[in-house]
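S.K.: The listed protein sequences derive, respectively, from chains A and B. Numbering-wise, the first sequence is residues -17 to 931 according to our numbering. Numbering-wise, the second sequence is residues 2 to 149 according to our numbering.
These aren't lab readings, by the way, just hints derived from the structure by calculation. Heads up, the beta-carbon is just placed ideally off N, CA and C, and yes, glycines get one too. Some hints here could point you the wrong way.
[Unchecked claim] Derived Cβ-Cβ restraints for the label pairs, each shown as a range: (1) 43(B) <-> 152(A): 51 to 59 Å; (2) 152(A) <-> 60(B): 53 to 61 Å; (3) 124(B) <-> 446(A): 18 to 26 Å; (4) 902(A) <-> 124(B): 25 to 33 Å.
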Amino acid sequence: MSGAKRRIRDKKMRNQPSSVTYSSAELDTRRDESCWHNGQGQRYEQSPQTRGRGPPPSGSTLGGQHDGWVRGCHGRAPQELPRFITASTFAMARAAEVQSMLKAVAKTTGSCHVFGALPKHMRRRAMSHNVKRLPRRLREGAQRMLEKSRQAGQKDKKDQPKSKSRKARRRHSNLLLEFNRRQRKNVWLETHIWHAKRFHMVKQWGYCLGDRPTYKCYRACHRAMGSSCLLQDLSYYCCLELMGPEGQLLGALSKLASKETGPTFAAAMCLSGRRQGSAVLYRADGYPTEPLGPVLFLWRPRSEGSTDRQLWIWAHPSLKQELLLELQSVCQCSQPVALPTLVTIASSSMEADPVVMPKGSAEEPPAGRKRKKMGRESDQTVPAKKIVGDGTRSPAAPTSWRSDSTGIVIGDLTMELVRYRLIGPLSHGVLADALTPASDCDGPSKTKPSFFWWPEHCKEESNMVLHQQQAHVFQQLRGLHSTAEVPSGCVLGLTVDDPRLTMPNGGKPLARIQRQQGGDGSSAEEAAQRLLMLQGVPEPCCQSSLWDRCVRDSVAHNKISEQELNRMKSELLVPGSRLQPTPLQGRVPILLMQQPGKQTGGEMVSWGVGWDLLLPKGWGMAFWVPLVYQGVRVGGLREALKHSQNKGAPHFPHDYPDCPTGAQFLQEQAAELCEKYKRRPPAKRPNYIKYGCLAPFLCPWQQLCEEWEVIVKEEDPTRTQPDPGAAAQEVTSQARFSVLRNRKVLQQLSAWCRPTSSRGQRLRQPAQLEQLTATSVESLSRAHCSCLVWVRISLLRRGHPVLHAMICAPTPEDLALLGSDPTCCGPLEPRHTDHFKSRVKRCKKGGSSGESAHKLEEGAEPGPAPSLTPGLWPDPLPSVTSHCSRVTLGWATQGDFSLTAGCGEALAFVSLTGLLHTLLQQPPNQRGVVLLRNPASLQYRFAKLTVEV
Amino acid sequence: MSESCGAVSLSQSQSLPGVAGGSAMDMDPVEFTLRKRLPRKLPRRRNDVYVNMKTDFRAQLARCQKLLDSAGPGPREICIHGLGLAISRAINIALQLQACSQGALQLAANTSTVELVDDLEPEDPDEGETLTRTRNNSAIHIKVFYPQ
């Protein structure tokens, strides 16, 4: 029998009851030789179901012959029709078939619920809860099912351990224990409970972080960033502290950063402590191939009579471990040290915030914990708090390392400081309204020795002068119109009163801030403001007591509890007025750092400018609530991503594919996306093979770079001359890809990407920039092989780019089309054929063309290979550049409709070689035009490529 | 507002970098990167229009017309501001408005000087501090109103 015939037979037999047999080819052939009845008998023996029912009904002349479904055409003359039928034997012979048929009909498909028997159009909502929604004939069964499930549910509940009553659970000590238990794996920030009530929380990098608010505020948050103020908790950023002689520190750190990428640790304006700096760090002497990631840093201003400097480096938590190891090796610090014993400050027996305290105790050095326990012997009822790590290290790990040779001490200040970020042009007004500079100490308390840091601090005359200067600068902030008016990155140290003492009462705070601005105008004030705008904060004002560990600890331990504060407030004569006199422990040192907004490119300059606020630990909520009461919006991780996207700055784990942490993040993201993709049925998800998209989840950057090298080499045979220098280049070109961060080269690229007819070109094409020629291109690409360039893509017409959209080089015809037809959207990619679909099918069918039934079983068993997902390319990818009709240059790492620009915008990486190659071939007035295509679309869109420095 | 921002970024690009204000120093273009800050924001009423060179001319004209036609409290007048390169456009818009009204509108123009701040960032960051420089640019403020 041929394969096709067998298939048809299989299909027919698929839904037949087991008693029904069907003559097969073997039987047919055998039947030709032997007696017909004999073959029938054999068949009876094969089916066990009928065997049990007694002897075969061969007594009848006819029943036996027609038992089973015999096809008429066997090449033999058809049997004559019987003359008579005995009803009883006829029925008996078919009893088994009828029975199995009835059984098959009665069986419901799918779930075991009664209403599974109903056709779809008769099913109703909530049928499983309300029996009366079923037709009457089914109600009885449904009732039974319902009761059964109820009983099962009750049994389950009984099995569970009896939980404590709500009252017991909410008791303070139990609540704390519960909170500790819940943050064993992922540590909470101080504002966690506030966020958890309002945000979608994610567990990332060892922390519980708010991703986005639960209410609809995507556009509102964007508006807040552009015109008012958005608040964000950045306390999960890790702070590393370096202390040591300035020369030693600079010498060690110079290995980590390169001047070519921009300001480093040694930049004069950062070194004085007046500016906050940012840099991309590399492994020791690893520039430019081994990047680690971006950091923010801040030097403590020099203090008189000391050569030791203090430096804080802020890094992303996923980056911290590697950075710490690198710093340790660079500074030769490997000796863990116990921290210097703290200045003993008697702590009051006040309880700190329930959320804050467990972390506080976790962070403390052993000495500090001991001291604190002694200090609060009075309240022994407080349950022993579990030590919790900080999400990036285990609790037992040392937090400080010292080097004997260089004298550098590295400290890990993770979770020691709270960092809030205010984004928006009104953030200075929000700060000025929410915070008040610390009030002076009264006469009598000045002379007495005090337990708290502020009265001691006040005793020094110089400290007070400095404080008044700082307070004056802070007052001037109120007069500014926009946060962008102060120089970018400037730092202001300050001591403020406990912001809980005064809460704004009523009114729309942000509107009030807007009205107040620039209202007062005495000439002296204006002159001071002008000085602030031009020169920034004077150097001594950048000093803050926040740098001192003992002050930080004292402030953290002596915080007035919320309960105590409320009691004091309730005793006020006028409700809602400020608490007078200010309690002695209510002074907090803080640091304010301006965060420059959009600095690259010519449009929307200083969009998203703001201030960063640094606080000692434990004071998070005390500052958070007053800030929120000022009417700011609060954002999470999503808003941070959008902020950097609109600002045109790379966002850390997403846009650093060459850093180990960035690569790991992208891997995880790819796995997540793939998982999500596979959850949909193949017919309901895009078939990426047909769209010609090779890697919709993880971009093969390495392959892209290598392929472009090959393409350029093939097109330009002069490059492959036998030359020892070139041979050396060949070797290095196989190295890992890296992202180009050399500012000089980027500036040159940026000039080349601009079309010559644009206005900026005239000004910015001074003589020192090379013209775009084949030789200059070749020298550049030879110097920076296997490099990716971070570019900004803005769509010229329609289109909404998404993650991993392809950036392609347009053909000359496309460019002509763009020039001639103003309404055309772009070329179309011809649909690709999915060769793997047939392979998947073949695998499913297995060896259907096999000869024997045995082989058939075998073929069906293995099925498709596990890596073969329908709709995705299996692993060894073909050439990524030339797979589609347009040559691929790179992929977008972020893409969205930009509310700032009013068109689709994407941030992408393209191959440097490919970009230069494309630019060379484009006509000068259309330079920088590329095509962008989404992974699940065949439509190419015209877009403009810019390199922003 | 985006209007005022755009006007400035364009008009600034027209002004010559050699005109130094506060700190009298000669800028060597090799050693410094010029970054222009936005001009000081001014309080903005409903009938203030900041003109820029980026938005379509007709759209800005239509916007002014709409503001004039809308019956709001107080006198029907608008203020058109232009800075630098956008001065000519501001004048253009005001004259167009007047021509369209068949002489019913009157204009009152004022000029002023706006101080702008530039940051000069050294190319070699280890060398020197960021410098700031002030320069002046002209601005025009045209009041367009219906006489009483």
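S.K.: Could you run down the list of hints and mark each one as holding or not?
M.R.: These are the hints, each one checked on the structure:
no. : hint                          : in the structure
1   : 43(B) <-> 152(A): 51 to 59 Å  : 54 Å, holds
2   : 152(A) <-> 60(B): 53 to 61 Å  : 59 Å, holds
3   : 124(B) <-> 446(A): 18 to 26 Å : 41 Å, violated
4   : 902(A) <-> 124(B): 25 to 33 Å : 27 Å, holds
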